[in-house]
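A.B. asks: Sequence:
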Amino acid sequence: MAYKALYRTYRPQTFNEIAGQQTIVKTIDNALSSGKLAHAYLFSGPRGTGKTTMAKLLAKALNCEEGVGKQCNKCDNCLAINDGSHPDVYEIDAASNSGVDNIRDLIENVKYSPIKGRYKVYIIDEVHMMSTSAFNALLKTLEEPPSNVVFILATTEPHKVLSTILSRVQRFDFSKVSDHDLKGRLLEILKSEQVDYEERAVDLLISLADGGVRDALSMLDQVLAFSINKLRMKDVEQLFGLLGVKEKLELIKAINEGDVASLLTTFDKFAEGGIDLKRLNADLLDILKEGLIFKATMNEDLLKVLSAQEARELLDILSISKIETMIEILMDTQNRFKNVANVRSLFEISLLKIALIGHESLIEETKDNPVKKPLPKPSKAAVERDTQLLSEPLQRPPLSEEKQAPQETSQKEPLPISDTPQLPPQFTTSPPKKEEATPKQEPPKQEPLSISGPLFTDIKATPLAGEGEEIYADEEMLINLMCLGDRDERKKLLSDWPQLNELLLNDELSSYGALLLTGTPYVLTDDVLVLNYMSEAKSHVNNIYENQRVIQTIVEKLVGRKVIVLGVYDKDRSIAQKKFMDLSQIGRLPRLKDIVIQIEGADKL
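Numbering (the working numbering), first residue to last: 1 to 605.
Since the hints were made in silico from the structure, they are not lab data. Idealized CB from N, CA, C, for every residue including glycine. One or more of the hints may lead you astray.
With a Cα cut of at most 27 Å, we get these calculated BS3-like pairs of lysine-lysine [claimed, not checked]:
#1 Lys36 / Lys140
#2 Lys176 / Lys26
#3 Lys278 / Lys338
#4 Lys604 / Lys593
Okay, the calculated beta carbon distance ranges per label pair [stated by the list, open to error]:
#5 Leu162 / Asp221: 31 to 41 Å
#6 Thr132 / Val195: 40 to 50 Å
#7 Glu157 / Arg118: 30 to 40 Å
#8 Asp286 / Lys36: 39 to 49 Å
Could you put the whole structure together from the sequences, leaning on the hints where they help?
C.D. replies: Here it is, written out as structure tokens:
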């Protein structure tokens, strides 16, 4: 006998075997028992949730020889419905029978009495695929069918069904099957099939199935064929192109450390190994979500993907603000997958974007200290010439000439000093100063601020406002701020920025700390600090008048002076920086002496 797929072998044969749709089962069962049967039903919901199965069970309950509402699976009617040969139960695929002529044939047959059972049952699957003319042809019959006819329409897209059809049927919405119900069903089947399994592998299959029983059984079929009647975690991961939790945590670690070389090497290995990148994006979101859950509850029973130890390791390397930022970027990536042709490039760019957050100093250092190319090997003739010169006695110039040299040097005019920066703020410094004749004194070393010290304890805070009037700077003002930015001071602030983690331990200031830690110092002038936010909403919260008093007081502790703290959305920052670079290349940046900084609304603070 030919092999029968698991989802067909274990198709529910009674209402009691339906997984996860108890409300619908109870309603239909009660309607059968009380004789309050509708003439037409619409079953809608995601694929693999039991719509067609429920339709066949309803057909059996209407025609079972033991009575209405029964499904004995022994009488001729039940057996004929099970094998699809009952003359009074019609299964129609609307995708391939969508025309008006097909519906007219159906209507022509409706008027005839049942051949074998009590009711004629018409099951129309994917009913949303029917044409408008076909729907209209069905309307009258659907509204007033013969008393011994029941229509059951099934669809995954009920919004495409005409409203005139919806008003003539009794609608039941099938939900995704819960993980608990799906696991119970899978364990029953594994026990029946005598399969040796790992529980974590079962949980992974449930996650992949996304609430669909048929999908879960189809994937189980694949794994059992692959591993010869065994269900192992490694086999599921290999078959469906998945990574283990350990590999995902290592990837997150490389991203967090800003180790771009390691990240790209690891990513290439995963992509070339056939890893499902969309699934990997979703898995990273699940891991980060569980990190937040464990941080808030410290309850390992709520963890489904991570172990308690893995959750602790995750929280050791990531701050809450970094987790939130990563989630925002990965969520945005997940939403954009359906609109791009090159999934790999989109995902790779997103990971690089996360990796470089908080590591802008690496870019600066690379720019300031480019990798030096090795000098070319000198020729043999050059070596001999230099050797000969070194062997000759040194001819010192006359003393009078030596004394005259400094005088000539001192008579040279000083070089003109340009007050126009030619590079973006992260690569510029304050305008250069003339060298003084006196020896340069080393500035006193500043002691680094202590994270454990009471740096912010004297700040009184009001609750963080979510809406209100805001300060604002347009693109032109952002460019002016970029011209005035002090790179060295900004680099120092970047190194001090993690000290804001202390705020998270303060009940009054924790919300401010969480907000500021999601921003990155981008430009620092004498009067303004520009923070770059990956979230547009958070940049607006930063700029609300009510929040500025506390935010400015917090930042003053790090900068040493009162500054306006302007939040800028990353997209707006990117546009302004591109224009800055364009103006720089053509020498059209504003002169420093002409710049006047005016932040709209700052006068009200």
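A.B. asks: Each hint needs a verdict: does it hold in this structure or not?
C.D. replies: Evaluated hints:
Under the criterion of a C-alpha separation no larger than 27 Å, the hint pairing Lys36 with Lys140 is consistent with the structure, at around 21 Å. Our distance criterion of 27 Å between C-alpha atoms is met by Lys176 and Lys26, whose separation comes to about 17 Å. Proximity of Lys278 to Lys338 is assessed by CA-CA distance (about 10 Å); at most 27 Å being required, the pair is judged to hold. Our distance criterion of 27 Å between C-alpha atoms is met by Lys604 and Lys593, whose separation comes to about 26 Å.
As the Cβ distance of Leu162 to Asp221 is approximately 37 Å, the hint placing it in 31 to 41 Å holds. In this structure the hint that Thr132 and Val195 lie 40 to 50 Å apart at CB holds, the actual value being about 48 Å. At about 32 Å, the CB distance of Glu157 to Arg118 agrees with the hint of 30 to 40 Å. In this structure the supplied range 39 to 49 Å holds for Asp286 paired with Lys36, their Cβ-Cβ distance being about 44 Å.
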